[in-house]
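On the provided structure of chain U, position chain W as indicated by the hints.
The listed protein sequences derive, respectively, from chains U and W.
The first sequence runs 101 to 207 under my numbering.
The second sequence runs 147 to 258 under my numbering.
One or more of the hints may lead you astray.
As the list claims (entries may be wrong) - Facing chain U, according to a computed beta carbon distance under 10 Å, are these residues of chain W, among others:
id	residue
1	M187
2	Y210
3	P229
4	V234
If you're looking for bench data, these hints aren't it; they were derived computationally from the structure.
Beta carbons are placed, not taken as given, at the ideal position from N, Cα and C, and that holds for glycine.
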Amino acid sequence: KNEVEQSPQNLTAQEGEFITINCSYSVGISALHWLQQHPGGGIVSLFMLSSGKKKHGRLIATINIQEKHSSLHITASHPRDSAVYICAGNYGNQFYFGTGTSLTVIP
Amino acid sequence: NAGVTQTPKFQVLKTGQSMTLQCAQDMNHNSMYWYRQDPGMGLRLIYYSASEGTTDKGEVPNGYNVSRLNKREFSLRLESAAPSQTSVYFCASSVSLNTEAFFGQGTRLTVV
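Same shape as in the complex, but just chain W:
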């Protein structure tokens, strides 16, 4: 049971570089989410996809783009990384919005 798989687990970027965080789920869930977790601030929603073919902004979308490639995959792209984007990123999925969410193991991103 893979559940929600995120890649990579760790990444160091230089300011201005771009990268894509990958997320895939094998539970046939309709909804997927990207969060960032910063010390003292809790998890914050970046973008979500209620169902295949739709994406919406969350609480902190600036500097990010997403793609719901198909029902399984939801990627997060940083076009021009900034030190403020240093964080731990979590992908999650659920059967539908507002139901129990299942989380990936997280990606620890450092932008120097």
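Next up, chain U with everything else stripped away, as it sits in the complex:
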């Protein structure tokens, strides 16, 4: 089975801090996705990456194909960023998901 692993599992930050969530994966990935799951349970797609870097507002996602590693960064974190962040890798026709990073941003 191709694994997708995330770290840390839990993260608490003060409002305004710069946050990094890491994701590592096995060979064969064609794309990597970052998802956000809100406390109410809904899941939203944030990024899909196959190379380089993408930015959307305060969120930045990077991927290093050689190192099989991706990071999600949140600049100037805010309590509304509190959620579970999930990375997922495309292997063939399927997605495999990490177990998520639970982020809490304290005012």
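Quick look at chain W alone, frame taken from chain U:
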């Protein structure tokens, strides 16, 4: 913009009962998916449909069946529910396989 709509949102079943989870998308997506989410295990793919008229097994298909009724609708059926099927179920859709997925709000199913 409805996106991906799942029904019901909550359901309690007795062991051995059957039920169908409904999913519909209004984005003209070709691919649809059913996942389950369990604590500590992340999302796992149950079945997917690459396009209308096709369905394939995912990582954990046992105990489930699916129907791609048309391009919009993809249903998941539990023929004889078991407590191990207690989970949160998510439907998702995408333009094609391996592109950005859009998720429904989830169905919390408890089997007692």
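For each hint, the structure was consulted:
{"no.": "1", "hint": "M187", "verdict": "holds, 7 Å"}
{"no.": "2", "hint": "Y210", "verdict": "violated, 15 Å"}
{"no.": "3", "hint": "P229", "verdict": "violated, 21 Å"}
{"no.": "4", "hint": "V234", "verdict": "holds, 7 Å"}
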